[in-house]
Amino acid sequence: AQSVTQPDIHITVSEGASLELRCNYSYGATPYLFWYVQSPGQGLQLLLKYFSGDTLVQGIKGFEAEFKRSQSSFNLRKPSVHWSDAAEYFCAVGGIGGFKTIFGAGTRLFVKA
Amino acid sequence: SQTIHQWPATLVQPVGSPLSLECTVEGTSNPNLYWYRQAAGRGLQLLFYSVGIGQISSEVPQNLSASRPQDRQFILSSKKLLLSDSGFYLCAWSPLQGGSNQPQHFGDGTRLSIL
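If you read the protein sequences in the order shown, they are chains D and Z.
Following the numbering used here, the numbering of the first sequence begins with 2 at its first residue and continues without gaps.
Following the numbering used here, the numbering of the second sequence begins with 67 at its first residue and continues without gaps.
Calculated directly from the structure, the hints in this document are not laboratory data.
There could be a bad hint or two in this list.
Stated by the list, open to error - In silico DSSO-like links for lysine-lysine, alpha-carbon gap of 30 Å or less: (1) D:Lys113 - D:Lys62; (2) D:Lys101 - D:Lys62; (3) D:Lys50 - D:Lys69; (4) D:Lys50 - Z:Lys146; (5) D:Lys101 - D:Lys69; (6) Z:Lys145 - D:Lys101.
What you are looking at is a predicted structure, and each value in this text was computed from that prediction instead of being measured.
Next comes chain D alone, as it looks inside the complex:
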């Protein structure tokens, strides 16, 4: 069955430090991959998406993600974290047929001064 795993429940980084959030998926064909961000008490906002082509995709707010087929991963990165990046981040996989998207359990990011 298709699945998405975000191994880290929460991560703490210092402001200005680099960030990498991990995401692994299980799907037999080429997936459609997404990263969303959720600030407290709000809905999810799309950060970036991967469908095909260049495996390094750029998103909003300075985020990027790299698709690695051999590792079934789609990790999210940011070179320098700002305090406003503190939020919960969800990896998701679509393109599995039908209309459902599978979301990971989320990683909560804490940013310390």
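Chain D is already provided as a structure; the job is to place chain Z on it using the hints.
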């Protein structure tokens, strides 16, 4: 541009009372519509989705129901709320074409507390 509205933003209801949460989308036609529930500190649980007026697919058997009386209106209901219905409810839409190939766009959610 497309927008999605959910209301109310916050709701406190006693156990056994009815529920009606509404979601509307503007700026697009024939969207796929979704209801999710997010328990505290948990991920997203898909409750219902709809690909057209009157077409509802249920993912989790429970005391909740959904309806789509108009193309861009999606309603989540319950006749008698349970304590376990507490949570953060999110409505989302995606373009009809492409199914799950397309990203979903979320409303700001409704925080439901059952007393």
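**Asked** Does the structure break any of the earlier hints, and which numbers would those be?
**Response** Of the numbered hints given earlier, the structure breaks just one, which is hint 4.
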